[in-house]
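Given the sequences, and given the hints that come with them, work out the whole structure.
Here the protein sequences line up with chains A and B, keeping their order. The first sequence: position 252 = 236 (my numbering), numbered continuously. The second sequence: position 275 = 259 (my numbering), numbered continuously.
Rather than coming from a laboratory, the hints here were simulated on the basis of the structure. From a predicted model like this one, the values you see are computed outputs, not experimental measurements. A portion of the hints provided could be inaccurate.
Treat identical chains as interchangeable: a pair holds within one or across any two.
[Stated by the list, open to error] DSS-like, lysine-lysine: derived pairs with alpha carbons at most 30 angstroms apart:
id: 1; residue 1: K321; residue 2: K339
id: 2; residue 1: K47; residue 2: K321
id: 3; residue 1: K329; residue 2: K339
id: 4; residue 1: K103; residue 2: K215
id: 5; residue 1: K215; residue 2: K329
id: 6; residue 1: K215; residue 2: K339
id: 7; residue 1: K103; residue 2: K321
2 protein chains.
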Amino acid sequence: MTEALAPGSTIGILGGGQLGRMLSIAAARLGLKCHIYEPGSAPAADVAHAWTQADWDDRDALKRFADAVDVVTLEFENVPVPVLEVLEPLVPVRPGRRALATAQDRLAEKEFLAGIGLKVAPFAAVDNAGMLLEAIDRIGTPAILKTRRLGYDGKGQARIMQPTDAPEALAAMDGAPAILEGFVDFEREVSVIAARGLDGETVAFDPGENVHRDGILHTTTVPAALPARLKQDAVLAAAQVLGALDYVGVIGVEFFVTREGLVVNEFAPRVHNSGHWTIEACVVDQFQQQIRAVAGWPLGDGSRHSDAVMTNLIGREGDDWRDLAAETGAGLHLYGKAEARPGRKMGHVTRISPKG
Amino acid sequence: MTEALAPGSTIGILGGGQLGRMLSIAAARLGLKCHIYEPGSAPAADVAHAWTQADWDDRDALKRFADAVDVVTLEFENVPVPVLEVLEPLVPVRPGRRALATAQDRLAEKEFLAGIGLKVAPFAAVDNAGMLLEAIDRIGTPAILKTRRLGYDGKGQARIMQPTDAPEALAAMDGAPAILEGFVDFEREVSVIAARGLDGETVAFDPGENVHRDGILHTTTVPAALPARLKQDAVLAAAQVLGALDYVGVIGVEFFVTREGLVVNEFAPRVHNSGHWTIEACVVDQFQQQIRAVAGWPLGDGSRHSDAVMTNLIGREGDDWRDLAAETGAGLHLYGKAEARPGRKMGHVTRISPKG
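Have a look at this one:
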């Protein structure tokens, strides 16, 4: 398929969380329909044309889903790779299996990034106590032990401040294959949201500066306090990742800013929490950019008309909606989730101001 | 009900066209659900939680609809008033019957506007040939004969350039009660989109300047080329209409700009085509403002961060979506309508630029 999908076409989305919800809204603006595939609860379904509620291993449901849509994308990077093996012969899946498989395994991700010449933290595979001791020996402490798969927002991670912390950290992995990552002495964290179209066209939003709290993104500020040269480095690195993966869609690439320049932390093969500010501050936001890319449309103008600070509403912070709704210059977003569990992203607010 | 509806509540919308579609999107951003009531085809249903497809006179369907929602609003001013008579005892309807009844009858509308001291074109009720001759005698020519009810975008209207045009104009009314309106010699047309909350708080977006083509809105430009004093007059007139109707929700008020000041043309008791520019140029757009008002939330910050020109895509103009999608600084909207009939609004595009 090299033609752009005509208005009225249907985009299948794997995953039905808040990212899928915002993708569905973006698709609707362009006259496109969305069909959600989500085994659990699906805030996205309220604004989607259709919802298939079925397990990831339900091959019949996946085939019917493939029949019902014109292209498939995802809002959740832990979609099992076998799902894509069922879908790919039946319908274009963007981004494809390689991007997903790489992003799902921290070791494969680090090897890929280092392999295309980007700077990453020192790392080593850790499958057992012996490999962990060797890895600590080579990388030093402090370091972080992480499961290779799953785990996000600080889950499945253990800090090793000194070699004697090793047994406890390994126990925290619960037998799962892991990766030891050297500590990066960074000044700040930034991220770039970039997109690559079906024709290879690549665009990027301005880098944002991220602050985490308890391992969860707390704020993204744009513009980032970053020299122009490093902004360019970040955008070019994101473009390099997109090109090397022959990627179609939006990617979120996170960087540490160090005295020696940028170190890539990780990438997410999807729209990214640190790109939510684009809804208020750009004519075409990251969600519409993703829809345009996977539908084979020209990418949009992602230039920024305002400065922005995005703040996540975690757990009970969403209860402040009345006060937030009354605030000047604030765009409030609530995700329609019924239960405000601790650590759960319930919404976000983006405060904009004239471009400085 | 004086409490704000909590996130997760459901807003019922009478009508399922593009305005309902954009209202549903706005509600979803705030964690609210929408339930569409629309007898015909419903572009809004693709982004709504539920759709009741039933006739306006289906009392059982209306009662079930009332049971399923927490508040009712409308996107279509020609909802038959008996619909509101069924709904109002069961669920809050905002705006209410009075606003709707007034807006549906051009004679009642003119009498209401004149009654609160606003300047309108000279007008007279015309039920038959004798009344038309008397009206022409009093108002003079040129003048426009319009059906009192229905008719929009230039339909149900006939120009009377000289008294001898009267019989043909009256025949064009097809026996419907009509109103003769004197021609207003205007320099430009502007409109104000304003909102009034449940607590009486009133806010307005910057006035937009409108250009019509073949009786259909072609472009809205913001800022309007209007002296500050007249901008204020327009905003105050809109606020006066809202207050006099004890209105809750968004209203669109159209004005002629004449050498003697503003003349009110008409108002629409709903979000308005000439307010679509607010999506790209304001943090809180007219659709979110309507949702906030009817949900009893505080009204949002409708200040404008950019200049904007909104252009409607009528009929086959929507076919240009590929070129429009590739344009810099342009926000493209397609309404998901299957068939591009002549005169049908298929989408719009808003081009923004830094605030001048």
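### Message
Please sort K215 with K339 into within, between, both or neither, judging by C-alpha distance up to 30 angstroms.
### Response
Both: 17 angstroms inside a chain and 26 angstroms across chains, each within 30 angstroms.
#### Entry: Intra/inter-copy verdict for K215 and K329 if alpha-carbon distance must be at most 30 angstroms
within (28 angstroms within a copy, 42 angstroms between copies)
### Query
Given a CA cutoff of 30 angstroms, do K329 and K339 count as a within-copy pair, a between-copy pair, both, or neither?
Classified as within; 28 angstroms inside a copy, 34 angstroms across copies.
### Query
Are the CA atoms of K103 and K321 at most 30 angstroms apart within a copy, between copies, both, or neither?
neither (38 angstroms within a copy, 49 angstroms between copies)
### Task
Go through the copies and call it for K321 and K339: within, between, both or neither, with a Cα cutoff of 30 angstroms.
neither (33 angstroms within a copy, 37 angstroms between copies)
#### Entry: Homo-oligomer pair classification [K215, K103; C-alpha up to 30 angstroms]
Classified as within; 15 angstroms inside a copy, 56 angstroms across copies.
### Intra- versus inter-subunit Cα pairing at 30 angstroms for K47 with K321
Both. Shortest intra-copy (28 angstroms) and inter-copy (28 angstroms) distances satisfy the 30 angstroms Cα cut-off.
Hint check: violations occur at hints 1 and 7; the rest are consistent with the structure.
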